[in-house]
Each structure stands twice: as C-alpha cells, then as structure tokens.
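So the protein sequences, as listed, match chains X and Z. For the first sequence, position 224 matches number 224 in the working numbering, and the numbering has no gaps at all. Quick note: to get the working numbering, add 375 to the position in the second sequence (first position is 1).
The hints are simulated quantities; they were obtained by calculation from the structure and are not laboratory data. Cβ coordinates follow ideal geometry from the N, Cα and C atoms, glycine included. Each hint should be verified, as a subset may be incorrect.
[Said to hold, decoys possible] Residues from chain X that face chain Z, not an exhaustive set, calculated with beta carbons under 10 Å:
1. A13
2. K15
3. P224
4. A315
5. G319
6. F334
7. T336
8. E341
[Said to hold, decoys possible] Distance condition first, Cα-Cα at most 30 Å in a straight line; then the derived DSS-like pairs of lysine-lysine:
9. X/K178 - X/K15
10. Z/K391 - X/K332
11. X/K314 - X/K332
12. Z/K391 - X/K31
13. X/K14 - Z/K541
14. X/K15 - X/K31
15. X/K314 - Z/K391
16. Z/K541 - X/K129
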Amino acid sequence: MKYIDEFRDPVAAKKILSEIERLAATQPHRKFMEICGGHTHAIYRHGLGDLLPESIELVHGPGCPVCVIPMGRVDDAIHIAMQPDIIFCCFGDMLRVPGGKSTLLDARAEGADIRVVYSPIDALAIASKNPDRNVVFLAVGFETTAPSTAVTLLNARERGMKNFSVMCNHVTIIPAIKSILDSPDLQLDGFLGPGHVGTVIGNYPYQFVVDQYHLPIVTAGFEPLDILESVFRLLRQLDEGRCEVENQYRRVVRDNGNPVALNLIDKVFTLRPHFEWRGLGFISHSALQLRDDFADFDAELRYPVPGVRIADPKACQCGEVLKGAIRPWECKVFGTACTPETPIGTCMVSSEGACAAYYNYGRYSQRGRIPVKVV
Amino acid sequence: MNNQDHDTPPESDGRKAVLTRIEEWRRRPHRLADDFITSAHGAGGKASQSLLQAVILPGFGSAELKKANDGAILDVGDESRVVLTTDSFVVTPRRFNGGSIGDLAVNGTVNDLAVMGATPRWMSVAFVVEEGFHIDDFRDVVADIARAAMIAGIEIVTGDTKVVGKGAADGIYVTTTGVGVLPDGRDLAYANVRPGDKVIVSGSIGDHGIAVLIARGDIELQAEIPSDTAPVHIATEALLNSGASVRWMRDPTRGGVASTMNELAMCAEVGVRLYEQSLPILPAVNGTCELLGLDPLYVANEGKFIAVVAPEHEDIALAALKSVEVSRGARVIGEITDQHPGLVVLETLFGGTRIVDMLVGDPLPRIC
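So here's chain X without its partners, still in its complex pose (with noise of 0.2 Å):
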C-alpha cells in the first residue's frame, strides 16, 4: 500500500537497526519515553520491543486521551446520555471505559441512545437528520482532535443548530509533558515526540524539555520505520552532545505546526482553570473549555451534570502506568482482574493503552529483556 509500505520495509528497518546497536553498544543504558499512545500501540502491534538492543528501554506516556480521562467525567457522561430525548455520540473507545458504576456500554444496554461515530461532523449530521432529538458529542482527545470539535461547532453556530452540544474533554498536551517531568519517580534520558500533536501545535512548544530539563525531543511519526529511525536520533543526540527538538515527521510536521488549526482552537476553546488527569491528578490549565460566546452548545451547562470526583480503585495503578513509573505488567490486577474484557483501569481500555497494548500485543515476546529493573 502506497505511503504505508515505505515505512514498513524490513530491509530499511534492518539498516537502522544496525545503527541503533552500534550507538547501543557505546551508550549506558537508556529510557525513552513514548508521549503517545499511538506509538505505544504501534511498537507492539509491530513487534518492535523485541528488535531494540536489551540496553534501550521505551516507556510509555501519558498520551492516550481516552485512558487519562477520570472515573467522574464518564460517569457525567453516563448522566447526560441518560436523559430523554438524547442521542448520545462517542468514539468507539469510550464506550467500555469504566465509571464508578458502569460504561457507556451498560447505558446503552439499558435504553439509552448512544452512538459511535468517527468524526464530531458525523455527529453534527445526526443532529440535522433528528431535528426533534437533542445530539450530544462526547469530545475527547488531545490538540490533535480539538480542532475538528472547533469546526463542528462553528459550522454547528453557523446553521443556527438548536439540538446540538458538546460534552469537552479536550486535554493539551505541554502540562502533562511537565508532570512527567516533575514527577520524581521517573529518570529519562529523552522523548518520542507526539507527531499527531505535532501537526497541528507543531515543535516550538516542545523546546521547554531542551531548555528547562536538557533532554532531548525527537517528533516521530507512527510507521515501524518512523519509530526506529527516531530512537535512533535520539542515540545520535546523546552521542554528539546535542540536546534539541528534532522532527524526524518532516513529512506531516511543521515547525510552527497548523496556523489555521491553532486559531481554530483558539476561536472556540478557552483553557480550564484546571482539569483531573486520571492518575495525574488535577492539572492547572491543561484542558479546553468551550469560550463564553459558545455556552449554547456546552452540554455540561445545558445539562445537569453531577461531577462527583471518584477516587481510582485502590488495585488499579493506572496513575503509575500513565507516569511510566511502573510497566504495565509490574500492576498486581494486570492480566487478571484487569483485562481488556473486564478493565478496571483505563489503560486496559483503549488499544492506545498502554496495559491493553502490552496484554493483546506483547505478552508474548521472544526476548524476555523487559522486567528487569535498571536502577
């Protein structure tokens, strides 16, 4: 398949690979961080872990949105679906994400109307075509999905749309970056950069890692290939004594990102004062609102919503997954209580998860190099 098959070459990854040994060999060992769940996903849907040098340890990040969103929201989410007359619209991910009591799925099992969709404009059409319902759009993601929710709901002001509303969990991605980073359980020795973030906030904002804590950045695209040749970078950094944002996604990624996304964003959203990150804990001004001139289209004014905070089950360590301060497979619940079946946590939820990467992918990897424990 053109544009995929490039980033999938065998012959290229073993070249790079080779590399990525040679600078291995000469470097004590070291953990990068993958921001992005995508990237998480990616290396073990493609086996990667079992091709790096035993001396490189990836770790994963807090960049799954769906995983980061606490057990209150969806329980509020629950709430406005179901109330009458609502058709209530989600991506896929969300639907078994645990609350206090139930998902999204049990709702739906129990007569509430809820839908998957792939795209917020999905929504808004189901909304034109149900003029006597009211629609609901559960909005979550990072910057990389907010400024398709900032389309729908201009175009949505636009038409004069009375029956449509978004419930906004957007989340930025710079705060929990410097969560990450001020968390003291945690020793890194560089980053793999979101790329899809990075299209649309491109790589200036990235540099504060450069600047305040002298680590390394490399903005990696989602391919095998991109990944590889992004470790590598990352080694070549820490070899020549360079500490830089480095954009190994040139193809898709701009410097200064996507001007006409950024103001799109801006246009709609407003930051939270703060926001609760699952496992992360409340983070000032890391989440998006919708702005004061858009409040007709913010379900959670225009719907009783209880917003209890519920403390995470005492087994489930989410929080130290997302933090990467401990491996999916280092949880007392993982694999047991807490499968992709029967999640506890939300990690064990979506497929960008780190937990449900490790347990449907990579439970069984040829090299057994990853428990051990480098202090």
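The hints should help you fit chain Z onto chain X, whose structure is shown.
Chain Z in isolation, oriented as in the chain X frame:
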C-alpha cells in the same frame, strides 16, 4: 524466517510469573459478569464465549454440544452420519456489494456443514418479518435464497414465517438450519491437530466485514470491496478428496481469523504461529483497516475457511484448493507449535512477535 531464535525465549523469572498468572486466568471457566446482553455478546469474541459457557452450555449441555463445533454430528444408526447446523442472520444493510442477507443465510449454513466435512443436502428457512416490510423486498430475499441454494446444491425442504409488530424487529431476520451427510471415514477434530501441522487459509481475509461496513454508509469511503460470501463445499470436498491428511477445518466468520485461531489454540491445547507476511489481504481491505484502526485478522469472512493439514501434505492440499475457483487464493499462513500452548502468536514483518488474542468488544456489529 528465522525460527530457531524463537524456540528458547530467555525469559526472566518475573516476566514468566506474570505470563503464567495470565494464562491461568485465561484458562479459568468463563464468568459472565454482565447484567444485560450487549452487542459484544454477539460478536463472536470473548463475551460470546462467556455467554455460551455460563448460560447456554450449562442450560443444554449435551456431549455433542460441548464439542463446540460449527455443527453436530448425529449418529442415526446407519453407515453414514448426519450433520446438523443452524444460524441466524440479522445483517444490516440487507444488500451490500457482492451479496445480500439471502446469500449469507444459505452460504453461512452450507459452509458450517462443509467445514465439518459433510456434504450439504437439506435446509430449512425461517423468517421473522417486521410489520410494514415491503412485499417486493421480501420477494427479493426469497429469490436470493433460492438462487444461492441452487448454486450450493442444497434443497430447501421446510420453513416458517412469523410477523412481529412495527418496531419489534429491524425489517427481516432469517434463520436457516442445514442437514448434511458425513461420508464414512472422515474425522475432523481438534484432537487431531499436531505440532508442525500447517495452517492454510482458502483466500483473502476481511473482505466481508469491510464490504458491509462500507455499504452501511456510516463512513464516507469509496472503495470497491465486494463481500466474499460464497459456498465453500466444493473446495472442502476437493481438499478432503486430495489425499492430504486434513486434521481440522473451520470458517472464520464473526471475530475473523484471529478468533477462529484462538478457539483452535484453546481447544486443541496447541500454539498457533501466524506469519504477517503471508496473510492474504486485499490492498483496499488493508487500506480501510489502516484508516479505521481495525485489524483484518478480526474482520469477518463469509466465503473462506481455514484448514489444518499435515506438514508433508502441504503441497497436495494447496494444489487441490487452487484447482477450485472459490479457494484459488489459498496459502499457508502459519503453523501449529508446541511452544506457547493456548496462544496465537503473529510473527511481524520485522521478525518481532505479537500476541493475537480473542476479539474483545464488537468493532462491527450486525455483519451477518
């Protein structure tokens, strides 16, 4: 492919302990924690298994049912044995590129008989129709069933029609029951599967699920992907008569190749190793799956089957399959191993490995 590396994974103790713990949990009898039926229970994956194990099997529980085959082999005290199978069809939309609910209703049942090694002979057809369903549409369904039955050489000998109130069903549901005859001496069973055996698929995978997904129009994709719905009994006969030692066969419908292979690994207590580079996937199916984040291994097929054959008969088996139109694209996609019993492992293009587990949830509801 360098298989020697894989045979002795130098696993550390901690990791081994985790794997053992997970495997113990996977082998426990399925528990049904849900209070309500959800679409996942109908998807052919893990939830379907737990409904089967926790409610259906304890409720009925005959020895033949517990064998968990696609059909039952009935001993009628004669020389040849009779195979019975049944299936309901609720696909939406009723017509899609390459087929219709009528085609599926016949081919699904014919194929369940065929992979049991039986010759399809007789079939019943039952309809549940929603009040207000157009007679012309009903005629179309009947015509499709008649045509598909003629092609498959199966005779429709009895049936039933029920009408329910408006809103009590979505248009029309079809249930077919098939009876086939199992020639003497044919023995296909999980217990026959041995390490070293080859896993053969009869053609490209994932076509049906993607065809229905596109026909549904929820996503604006323009791709020419016809469903593969077709009877496979001529191909299974050709294979069984080729002289190759065939251990076991199954048609990978709901839940796709991945779920079928997991059932095999669990029931036969063997490991299955698949090769990513050998999987036959049409470019358009692959592209659609990439776009939507689906894995073709989990997407349904309605005109394909998987056969496990003795390694020394790989060539005879492939030659026999390639001589029949419906299985012209047959190829070996993996092998049976005594490593990792109960697990299906995929060797990726790069020589890495990943687990292929049972389907969880339901990415594409109502595809058949």
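Structure-based check of each hint:
1. A13: holds, 5 Å
2. K15: violated, 12 Å
3. P224: Since chain Z brings a Cβ to about 6 Å from X/P224, closer than 10 Å, the hint holds.
4. A315: Status violated, d = 14 Å.
5. G319: With Cβ-Cβ at 20 Å, over 10 Å, it is violated.
6. F334: holds, 7 Å
7. T336: The hint holds - X/T336 has a Cβ within 10 Å of chain Z, the shortest such distance being about 5 Å.
8. E341: holds, 5 Å
9. X/K178 - X/K15: violated, 34 Å
10. Z/K391 - X/K332: holds, 15 Å
11. X/K314 - X/K332: holds, 11 Å
12. Z/K391 - X/K31: holds, 23 Å
13. X/K14 - Z/K541: Given pair X/K14, Z/K541 is violated - Cα atoms ~61 Å apart, limit 30 Å.
14. X/K15 - X/K31: OK: X/K15 and X/K31 at ~22 Å, within 30 Å.
15. X/K314 - Z/K391: holds, 25 Å
16. Z/K541 - X/K129: Holds, at roughly 21 Å.
Checked against the numbered hints above, the structure violates hints 2, 4, 5, 9 and 13; every other hint is satisfied.
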